[in-house]
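Just so you know, the protein sequences line up as chains A and B, in that order.
Under our numbering, the residue at position 159 of the first sequence is numbered 159, and the numbers go up by one with no gaps.
Under our numbering, the residue at position 197 of the second sequence is numbered 197, and the numbers go up by one with no gaps.
Keep in mind the hints are simulated off the structure, nothing from the lab.
Lysine-lysine pairs mimicking DSS-like chemistry, simulated, CA-CA at most 30 Å apart:
id : chain 1 : residue 1 : chain 2 : residue 2
1  : B       : LYS81     : A       : LYS41
2  : B       : LYS81     : B       : LYS256
3  : A       : LYS41     : A       : LYS158
4  : B       : LYS232    : B       : LYS140
5  : B       : LYS253    : B       : LYS270
6  : A       : LYS158    : B       : LYS81
7  : A       : LYS41     : A       : LYS270
8  : A       : LYS158    : B       : LYS140
9  : B       : LYS256    : B       : LYS270
Taking CB as the label site, the calculated pair distances span:
id : chain 1 : residue 1 : chain 2 : residue 2 : range
10 : A       : GLY70     : B       : GLU132    : 29 to 37 Å
11 : B       : GLY32     : A       : PRO73     : 48 to 56 Å
12 : B       : GLN216    : A       : GLN58     : 42 to 50 Å
13 : A       : GLN58     : B       : ARG26     : 40 to 48 Å
14 : B       : SER156    : A       : GLY70     : 32 to 40 Å
15 : A       : GLU17     : B       : SER39     : 29 to 37 Å
16 : B       : GLU17     : A       : ALA53     : 29 to 37 Å
17 : B       : GLY32     : A       : PRO54     : 36 to 44 Å
18 : A       : GLY241    : B       : MET150    : 26 to 34 Å
19 : B       : GLN216    : A       : VAL36     : 46 to 54 Å
20 : A       : GLY70     : B       : SER39     : 47 to 55 Å
21 : B       : GLU129    : A       : PRO54     : 15 to 23 Å
22 : B       : GLU17     : A       : GLU17     : 45 to 53 Å
23 : B       : GLU33     : A       : PRO54     : 31 to 39 Å
We put the beta carbon where it would ideally sit given N, CA and C, even for glycine.
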Amino acid sequence: MNETPTQVVEQRIGPAETPSVYEVLLDVGKQSVYKVQEYAKLSLRSLTNLASAPRYGQDTIAQMDDIGVGSLPIVLLSGFFIGAVMVLQTGAQFERFGQSSLTGDVVSLALVRELGPSITGLLVAGRCASGIASELGSMQVTEQVDAMRAMGTDPSRKLVSPRVLASLLTVPLLTTISVFVGLIGGMVASVFSLRLNAFTFWQRAIAILHVSDLMQGLSKSVVYGFILATVGCYHGLNVRGGTQGVGRATTQAVVVSSVMIIVADTFLTKLALFLADKLF
Amino acid sequence: MAVAPSSSNALLQSSDEAVIQFEDVRIGFAEGEVLRDLSFTARLRETLILLGETGTGKTLTLKLAAGLMRPDSGNVQVLGKQISTLQEHDLLEFRRQVGFVFQEGALFDSLTVGENVAYRLTEDAVAEEEIESRVREVLKFVELEHTMDMLPSELSGGMRRRVSIARALVNHPPIVLYDSPTAGLDPITSQTIITLILRLRDVYGVTALLATHRLQDGFALANFLFDPATRKVQRVTPGSSDSAAMTRFLVLKDGKVYFEGSPEEILHSKDPYLQRFLI
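Whole structure, please, built from the sequences with the hints as guidance.
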């Protein structure tokens, strides 16, 4: 429920005297904690909603089309050229040691473990987190979200959960496509730039991969999908201040989701490497 | 038009029964307290006109009555339920019994008029044939049957309000809350909207809260009624006990009820603040 007493308590006007620096910092701290708490609650609810009816299957499919199919062109293009540029950069170094055949190994590992999920996550965040925030933000300022609640619909079920589920399903698929296209890009670059045999490149690129590498890449993409959808929804549903607020929310959604993806990447990499040592 | 009383309407037998009751309701925001110990009661089939200047908490009162917001303190009782203490899940169920007409219509801009009106029925998984007939019925009621396949952006402001009214009444709620339904409209369109509200009151027998800053809206509801038999709007006979006579004014000032009474009482009041509305 919006603007409940507990939610507005920290926003209440304080005493008339000028607040001290400590009070200002305390207030900023409280607001930050409050925002994190609200984001966490919305994120959790977006998942728990999936366990019970009503579920919005058609909305989820529409969102999968928007997030997945809609993001495909940029993912394909960027994936291809990132693979190619990886070969150009690493190949030049390997040639110095006469080991240019290792290019396929390095490009494959980098794409599957790191670049594929991260670049895809950041690209989809740039495209979809902003789209989600602006769409829900516009609905918020024109009272469409309130109208939905007034008609007995839970916006977290109708608006948030379909977007989160669609993102959870499509971002790993997009990542897989991106990695595959990246390897093709790398192969093309290695053939024309390093004069490598395409078959050798491809064979080494596949042979170097272990299950743990695939798990690392896919698990990252699932987390990134969750981050970009929930951050977009959170900022969209918390828009204040009309159209200007929508613009602000859109920017914040992209910035916050991108930073969160990069930060999460560090921790996920560490965790994945630890688990790979223990399990595989 | 056939009246289809809802189950909640059937439960409410006595006209003395409080359908909406506010008791010492307080709520505030960063700008300060907006409502301070607000108390009032709306009885069955009564139309309560919430009159007040901008920022006096009219919309807030409606949102509290619909359970869209929670008071800081005090009780809000609607249809016998203490909605100020209900959980969100129960509130969603409760809100299905309340129609809410938002100031700017708040129509879903990516859905057609027909889909907007059908929204609640679709959510309730009503059969498609029934949805079609009920949507046509209410769109006919607001005289906008021809706009069924149009998008809200293709409609005028007045038409959007009428679609919003149609959407609010599609499942025959016992309570309808109107948030400044004539704000920003020209006099002729405003009259069309008020006539529609009047028909809704006299055909469906809804209990209503109507927030407005236009006194003439309230007087129109108090002085006229719609006769379903002749399908005409008529002037109220003085001293009658019909639905038009169940129209009361509630003037809000400084977050409290400043005045509560009949149209005659407000009309003959010598209070300088109330007289400002009469000019």
